[in-house]
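Enquirer: With the hints as your guide, set chains B and C onto chain A.
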Amino acid sequence: MSRTITRHPGLNLGPAHDDDATDVREELVFGFWVFMMSDLIIFGMLFATYVTMLGATAGGPTPHDVLDIRPAFTETMLLLASSFTFGMASLALKYRQGRRHLVGWLLVTLVLGLAFVGHELHEFVSMFHAGYVPSRSGYLSSFFSLVPLHGLHVTFASLWLIAILFQIAVYGIDSQVKNGLLRLAILWHFLDIVWIGIFSLVYLGGAA
Amino acid sequence: MTAVSQQQKHFPALSALGACLLPATLSGCSSAPGFLDPQGPIARAQLGHFWFVVAMLAIVILPVLVLTPLILWRYRYGTSRAAYRPKWELTLWLDILIWGIPILIVVILSVVLWRQTHQLDPYRPLHSDQPPLEIQVVGYDWKWLFIYPEQHIATLGQLIVPVGRPVAFDLTSATVLQTFFIPALGSQIDVMNRMQTTLHLLADREGEFEGRNMQYNGDGFHEQRFTARAVNAQDFARFVADTRHEGIPLDQHNYRILARKGSTLEAAKALGESVTLPDDPLVRFSAVPDGLFDAIMRDAPLDWSELSPTTGGSATSAPATPHDTGGETSNPSASAASTTITTQGESAS
Amino acid sequence: MTVTEILFGRLGWDALPFWHMLQNPTFKSVINDLIASGAGLMVVLGALVVVAGVSWLGKWGYLWREWLTSPDHKRIGIMFIVIALVMLARAIVEAVFMRAQQAVGLNGGFLTAEHFGQLFTTHGTIMVFFMGMPFLTGVINYVMPLQIGARDLSFPVLNLVSLGLTAAGAALVMVSLVLEPFSTGGWTGYAPFTELSYNPGAGVDYWIWAVSLSTFSSTLSGINFAVTIYKKRAPGMTLFRMPLFTWTALCTAILMIFGMPPLTVATGLLALDRYLDFHMFTTDLGGNMMNYVNLFWAFGHPEVYILILPAFGVFSEVFATFSGKRLYGYTVLVMATICIAVLSFTVWLHHFFTMGQSANVNAAFGIATMLIGIPTGVKVYDWMLTMYRGRVRMSVPMIYAVGFILLFVLGGMSGVILATPSVDYQVHNSLFLVAHFHNMLIPGVLFGMLAAVNYWFPKAFGFRLEERWGRRAAWLWILGFMLAFFPLYVLGMMGMPRRSVSFTNPAYLPWTVIAGIGALVALAALACLLLQLWVSVRDRDHNRVFAGDPWDGRSLEWATSAPPPEYNFPVIPEIYGRDAFMLEKDGGTPFQAPTQYQDIVMPANSAMGVIIGAAGFAAAFALTWYMWWLVVLSAVVMIGAAIARGFVRTTHYVISADEVRRTHEYWLREVEATTPIRRSQEQSGANRGRAVPPVEGAVQ
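Chains as they are written, first to last, in the working numbering: chain A, 1048 to 1255; chain B, 135 to 483; chain C, 910 to 1609.
Chain A on its own, in the form it takes in the complex (with noise of 0.2 Å):
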């Protein structure tokens, strides 16, 4: 019963791509996107939660004091170029452009987004150093829930960015890996645009 045209959300892989887990594919993916939109809640919830905290300093620094858009604005270009060329490796899969090509855009892709946790991290321990941590207020703690949790978001595509990777090395492109790359570029744009969020409303937010 293999249906000739796929249909799921994000970028379908067309005719050409056709096989025995075309069926499986329409249902994987399409899944996969319910549960990012089940994810996206989360975030909902503790982007409003961190709205209603924002007053809640205690004493202790504001949002103007914490944040600092200028790391935000690098951590910002590296996950957008991090997407752009996830689609680039993307199309690579579609238009069969070869293995290295596609490897090689994954690979920029997963040095990119790698950059970006490490830039976070990065930022993260010189807010400690300053004294910003969780404990001191409820508006850190808001914000220690909301932005870091993205981090480990990006931190687990990255983990299985690279088990696809070793995936590939073991069996080629077929189609589990295929399936495994749609529905991460999924996830991957899903957290592009999560951070867009933080960005304008913490970030851009805070420094407002």
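Worth flagging that the hints you see were computed from the coordinates, not collected in a lab. Among the hints, a few may not be true.
Stated by the list, open to error - Far from chain C, by Cβ distances over 12 Å, these chain A residues were calculated: (1) D1065; (2) D1112; (3) A1128; (4) V1150; (5) A1162; (6) E1170; (7) L1248.
To be verified - Derived Cβ-Cβ restraints for the label pairs, each shown as a range: (8) A1255/A to T1559/C: 54 to 60 Å; (9) T1109/A to R1558/C: 51 to 57 Å; (10) G962/C to F1131/A: 55 to 61 Å; (11) G1091/A to Y1562/C: 38 to 44 Å; (12) G1244/A to I1548/C: 25 to 31 Å; (13) V1446/C to A192/B: 42 to 48 Å; (14) F1131/A to Y1562/C: 39 to 45 Å.
Here the structure is a predicted model, which means the values were calculated and not measured. We put the CB at the ideal spot given by N, CA and C, even for glycine.
Expert: Structure of chains B and C alone, referenced to chain A:
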């Protein structure tokens, strides 16, 4: 007199019905069953609203309770008398009816709900020819402290209010979430640490009513009750004067005992009060510092250096209203010994 | 730090339920610890009996291959329901203890406040997260794919993971009986009472992690169900041809997907407060407990409808089937279900009218809440009209269904009363509220799920449940519910707060005694239910219904054998209308052999559920007791398993067309040899699972 009691005229018949019917079915009850026997205009209006909602809903619910058994019997398996239409699945006018009637009822209920919610809003001051008595309530584990800021007194275990005079409560919690409630008088309201809620109540009859915390807060939760006592103006004045005179000072030492985890009873004993069970003990505090309530809301632990102990009406920093300080001019020594006994005796009748 | 501290964290001898009694033997501590130790002993003995029994029968291999690692949605569904029934038994016993305590609770009683607090917390937590949720997840798991003509859920291995996580959470709650204490913060776990400064023990942590495991499980189940319903329907099964139960399953799944995350956030932030000294809900340094309350009820209210909607679906099937009639107002019922699902996200604030919002806010949420009453009321009348002009058979599922209708409307009435802010100010936090939600959940969820068990059991196991004990159980549940909870309405109106271990007002006493008797009746109902199961298994040969259609069913699940083959349908059926199987029977074309059989690809067994479940349990247990090494180890196992799973390439196996043909032809021969019966013989041994063809207008 009050806005609430006017509102209550919307459902006089229902209130009357409620007032007679349910207590009658609960015959044998030894003490007043709170909500079912309201002692103030708010609770009375709430009871009226309750019966109104019940009556409106009965329009939808009674047919279900009556028709379901009838249908079950008439269309039971094996009967040959009634029609059988296995493929019937929709009749338009029936559908309009079963959507229409509930919608109509909800519309009516909504209009009444909107008005009543505003009328009975606990934040809404009660209109009265008397100025409201201000009382500040602080919830502890597991007791309530009632501060009378204008009188500079406070009590534990019993809340004494003058009958017929609105009471404006400001409430907070020194620990976790609790809910302050005197069923016979009206609404309950949550009290939260570092936040203030407001409640307006009025007792229009003298008497003793049970008061409680309704929100679970640990092992002593079931013991966190108090007696609310509505007394006449003279008794209230006497109570204020006696408390000022005889109450123990609410200083740092006594406050620490008070704030310790434990029931009212335990606090009373620790403060050296004699206790007669099963009544709720009455601990009276005098010389309550100005701004104690605000300090409790603001800092933990309490900074006593900021609080100046005051006595009587001599406070200058307090925003005390000039026209009320109870029986300030009465002779304290005359009635001192018998205060508690007098008020108890009167309310028992 | 000693080695013991590193290994066992803060777990010590004092966690044993009899420790306190030995240290400080007073009359009350001995009684309470004996009760607690008895409960702990039951858990240990229960586990030992299961392990010994399986070993004695030599069934470990069978259990592993056919159940624990089986991706078959039917097996997983049954395992969910087994968890639910075990947890139901425990929570009912806890309810009996609570009611017994209050029946003698005038100025005392036999339970300590701490023990009582743990009882109402575990009772509520279990009934919502480990009885209600697994029960409905199990029923949807079993029935929904059969109803839409699918071979399995979209993600069978994910389904195993869901099961593993729920089992881990349930196990954690059970272990808390042996290594005490559990939380006393109620099933809602309101901060700041559950913060470290007020509750430093392990209890709240048990609660947080048990609930979190259940939440993850339900989120994943919701995604699985929704995707299955969207993507795996048989050809011709349009959305508006789906049986009503499947519709309610879809709405519940969507509510799970969007309703569970707020709870994940609430418990997660509470955990950050407790473990990493955050200040989200604390009383100091800017924490705000109102955020917790809002987050909790942003989950909590949709949760109510997650629980109740599948039960509505079950009743819709039951009313139609046992009235021998089409469901009245199918489209309207679907619309009403969707309305309820959407509205359920807009009313969370009615759980805390008394928190000091403005009258405008309260009134708006009160009105929104009453709006839900409209579609719900419509549903009740639609069910009555389904019976109207039908031929109603009062079988066991039908007793539950009728009991549900009559009692549920009363709960609806108290619901509208509570939705009225000015009245809620009087009855909030009182036993009136307790009576209300039990009035919704017992006739709704519990009766619904028990009706589902009685209705679909023959499909799942190939034999009918015994009818007499079933009736007794049903009537006792109804009677027990009324005795236990109607007095609570009165007590609530008299101002008695919920969660009181004892009271001083003697006026309460007669009502608490009646409620205590009611709890005993409910316990008797549970006993009847177990007897019903026992008697049914004993007499199973007498009640076999291999042909698969014991109730003259209407939807697709009755069109296959009982029990169905693991692939459900030898050939995916084409659907031409609503009540698909009834259409075939009406047209005289049920039980057709297909012209051609094909190979069937089925998901292969997977140990993922067991691995993730075990690691999840270990992580939760270790977090509760501060055994950090085990936390890290479990996390590594979970991540490692997920990565390793990505390298597995043989995720399916093939059943040959020949084998499918043989199995199907055998069943068709058996159906042919089965005498069709009239409905009057439904409860007799003559019912072998085939019904005489329906005739329009005929009174069978």
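Enquirer: Indicate, hint by hint, whether the structure satisfies it.
Expert: Now for the hints, and whether the structure bears them out:
no.	hint	in the structure
1	D1065	holds (16 Å)
2	D1112	holds (15 Å)
3	A1128	holds (26 Å)
4	V1150	holds (16 Å)
5	A1162	holds (22 Å)
6	E1170	holds (18 Å)
7	L1248	holds (16 Å)
8	A1255/A to T1559/C: 54 to 60 Å	holds (56 Å)
9	T1109/A to R1558/C: 51 to 57 Å	holds (54 Å)
10	G962/C to F1131/A: 55 to 61 Å	holds (60 Å)
11	G1091/A to Y1562/C: 38 to 44 Å	holds (41 Å)
12	G1244/A to I1548/C: 25 to 31 Å	holds (27 Å)
13	V1446/C to A192/B: 42 to 48 Å	holds (46 Å)
14	F1131/A to Y1562/C: 39 to 45 Å	holds (41 Å)
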